[in-house]
Amino acid sequence: MNILIPHSWLLEHLQTNASPEEIQKSLSLSGPSVERIIHQDDEAIYDIEITTNRVDSFSVRGLAREAAVILNQFDFPSSLKQLPTAPANYPVSSLPVPKIINNPQLCRRVICAVIEGVQRTPTPDWMSKRLKQIELNVHDSAIDITNYITHDLGHPCHAFDYDKLMATGGEIQIVEAQKGEKFTTLDGAEFTSVGGEVVFKNAQGLIIDLPSIKGTHNTAIDENTTNILLLLESIKPDKVRFASMTHAIRTTAAQILEKRVDPALAEVVIVQALRLYQEICQPKAIGQIADEFPQLAQPTTINFPLAKAKQYLGVEIEPMQIKQILTQLECQVDTQAEDTLLVTPPTFRPDLETPVDLVEEIARIYGYHRLPATIMAGQLPLNAPTDQHFDREKTLKLLLVHLGIQELYTYSMVSAGLAESSPYSLDQHLKLLNPLSEDKVYLRRSLLPSLGEALVQNPDHPELEFFEIAHIYHPEKDQLPDQQLVLAIASRQSYRRLRGILESIFASLFVDRFSFKALDKSGAEIVLIGQDGGEKSIGWIGHDPANENIVQSELQLAPLFQLAKKYPNYQPIPKTSPIIEDLTFQTPSTVQIGELIETIKQHHNLISNVTLKDIYQRNVTLTITYWDKQHNLSNLDVRPIRLSIVNHVKSKQLGELIGKLPD
Amino acid sequence: MQNSPTYHPLIDPVAQELKSDLERGIKQDELTQKYLTKKGLFNHLADQMKQLSIEERKSFGQKLNQFKTDLELAIQQTHTSDAKQSGSQFDYSIPGQQLNIARLHPITQAIEEITQIFAQLGFVRVRYPEVDWDYYVFESLNMPPEHPARDEWETFFIDTPDRSTNVAYDVNQPQRRHPSLVGGGKQVLTTHTSNGQVREMERVGGKPPIRMINIARCYRRQQDATHTQMFHQFEGLVVDRGINIQHLKGTLDFFAQKFYGPGITSRIRPFHFRFTEPSFEVDFSCHICAGTGQVNGDKCKFCKSGWHEVGGAGMVHPNVLKAGGIDPEQYTGFAFGWGVERTYTLRPGLSIDDIRLLYSNDLRFLTQF
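So the sequence lines, in the order shown, correspond to chains A and B.
Here my numbering is used: the first residue of the first sequence is 1, the next is one more, and so on.
Here my numbering is used: the first residue of the second sequence is 664, the next is one more, and so on.
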């Protein structure tokens, strides 16, 4: 949360001669981050980020208190000023405060006072100037004092119209709302409770305030108000948060009071608020402060071993200096034993609960910038996970890019349309409960629709090819989804090229046993063959069913990488030469080329390779390699094999030789 | 082409002529016309086969085939330009062929670089799930359910039923609600790579040393010029005996020098995360103004203050170590977690005006990398 603090306002609480730049630098190094200084009307205004655990600094005085400690460390003598006291002997009002029926389980303190006969004066210039500097609207003094004091001292307070409140029966019950109770906030918005919100009710059960969050219309100040009840409460922070989040009423008061604000602060604040009403609104009389504070929770004393500081900082800090830092932060420090301190934090530091919390205080005030930097020595872990293969992913990506295929990263969440373009129906996808936009709702089960969309977005590249390596998400009952790493490629080029790319991938990973099994119309299944001969289907290649100009493939990488190697099984280079010849066959239209090639390959053990050289209509030219690793073959050896190939192909009705066999 | 082409006495003269034509830089279309057309030299050679005896024909035919292959290849490799020849000079000013260059995505490039730097310090790269239990993303990181600290992350929730048994959350013993013990829990898209911290501690059986670098996709409910719903983070975690803040500083300095350049330093300032104590915000010094905030007396435009904020870090909170089965009295650790996109684009020349371009499939963007 950010807070704006004008420099001159800060100086009302902070005695220092440090300049704004020096304050910014020191604070940011040892405390809250001063993100920028705004220069406005010859004045510096700090824009400071206060972390959620330090609501005690979320006010001018709270920040001044931090600054005093830090600036002293940076050799700018500084101190926190005393608060002003109100002139005494002001007329005391005899108007009664409402009867308060508190539930200590819900609320730790209620403190209030009546302000009788308030003059509705305009907000004084000095106050309206400051309110504008901190970007708050200016109303009139009676309302603005509550906003001003909240910013100044850090405890929100509420001003009720006293007469409206007393007209509801003169009683405030602090209870949890039931479900279905209606209330209207002071700006006219209507709400219905869900049950569990802490509210103020009258004896008849009417909701008369949403404490720590926003006032209700029925007790709100209006232009006719002359008597005010000023009230501060300390409701359990998680209850404040619950009500505020449930109804999405995120006022500054709620954002402050949902964190652990010190209940002790309420008394300081009400006294200062009354002082301001006295000075600015000159009421007829001010009632005595009524305080219900049954539980003063004592902060837990922490046993702090001095060795902890050295353990975390790596340097020895003098015990004297440690004590001094903690004392300046208003901790009570006693020496327990030679090496242990008993540290009781102040009530405004509920975030200090354990020794390591104190380490942070000591270290930041001492100065992180004063610590040396060294790289750790020690044993290196040798236990990389065995189910990940980052080096193989890298090899794969480089290969694809060098083949001219552009890498993409597309969103894991897709629209209904893209999800339905996958092989799975919409209800077979995991989906987000709270998507941000309609086009990113379903966790995809295929990358191909996203890649197809990317091709469409780039229409002017007729040879464009994309790939992506990412996870897809297969739902599992009562478990996390199976998050599979896949490679997907979408291409405007030919099927033969894409298949060649896959075959290059397998070659680069030294995976040499695989096959492509044609499925009926849509494409081919990609099958890897393991050491034991077992087959595993790892993916698919084919045409985009929606667009025959696009070929696609998607394959699972885990099984591929399991079989992959980093280096081959080296084969000594044969001392003999192969004979390489072409044969052309005319094949019937029912025959698949893959089958023809396989048939020839399997036909004789001296046939070491058969590749497709050319296709023209139904004429297929194959290049056949004959190789005997022991002896050099001659035409005499090859001639009978050649002949038997032709006869075999013909007998299986796979094709007829075109042309004549060489002699 | 062999230097001294020898195929067959009938073929060799043609091969020789081809060789000298190539040396003279004769254009491809002229060569094609001369050698490969119906009335070209090759077909003329082929016709001469009739004059040979049956025995001679076979070897001639083989050699002819070989020559045909060589001839076609040689002609294919000549340039096709229409550039005028000045005499017999080859024109070296001719532009290169347009080869198809594709790129690794900038995120891949960034991840690779980051991984390599930490590998030098013995870090082990891992990748933990994107859809994860609320337990690993928040609860085991010292963040109770409904805690305001969770607001910062704008979480995406998965629409799956939570069938876990209802065990009360105890901030000192979050493991009581471990998904394996209570039968699941809420599932979310992880908002940060910090979900890897306790997972890594479990993976190594609670036995340091740990030096982990977890890089994965993360998700937050925000989309604008500086945020995308999906982004990448890298998370470092070091746990061992005697690890202290100085080691974090040393590691940060090492990364800064390697990634941004020599002389770049790091700085840590107080911050707050529930899962670290102390917690820090990390800055790197600006390479343009050397961390001074000034260039020739004017404010440095790139950094404004001398420093760039890169992300968060801290000493691992004892509750997180305990959740991972590690004794915080014996071991300490530090962690840091930053956006890959942000870290990468802090480099000179890489200030990308709109981060959504990274996931836009726009070739005009992607091919610049």
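Hints are computed from structural coordinates only; laboratory data are not their basis.
Backbone N, C-alpha and C define an ideal beta-carbon position, used for all residues, glycine too.
Keep in mind that the hints are not guaranteed to be accurate.
[As the list claims (entries may be wrong)] Simulated DEER-style distance windows between Cβ atoms:
1. B:Leu844 to A:Ala307: 29 to 37 Å
2. B:Asn706 to A:Asp512: 39 to 47 Å
3. A:Asn89 to B:Val834: 32 to 40 Å
4. A:Arg513 to B:Gly1012: 41 to 49 Å
5. A:Asn609 to B:Gly988: 53 to 61 Å
Outcome of the hint check:
Checked against the given bound of 29 to 37 Å, the beta carbons of Leu844 (chain B) and Ala307 (chain A), roughly 35 Å apart, stay inside it. Taken as a hint, the range 39 to 47 Å holds for the pair Asn706 (chain B) and Asp512 (chain A), whose Cβ atoms sit roughly 42 Å apart. Between Asn89 (chain A) and Val834 (chain B) the Cβ separation comes to about 51 Å, which falls outside the hinted range of 32 to 40 Å. The given range of 41 to 49 Å is respected by Arg513 (chain A) and Gly1012 (chain B), whose C-beta atoms sit roughly 47 Å from each other.
Our hint of 53 to 61 Å for Asn609 (chain A) and Gly988 (chain B) holds, since their Cβ atoms are close to 56 Å apart.
In summary, the one numbered hint that this structure violates is 3.
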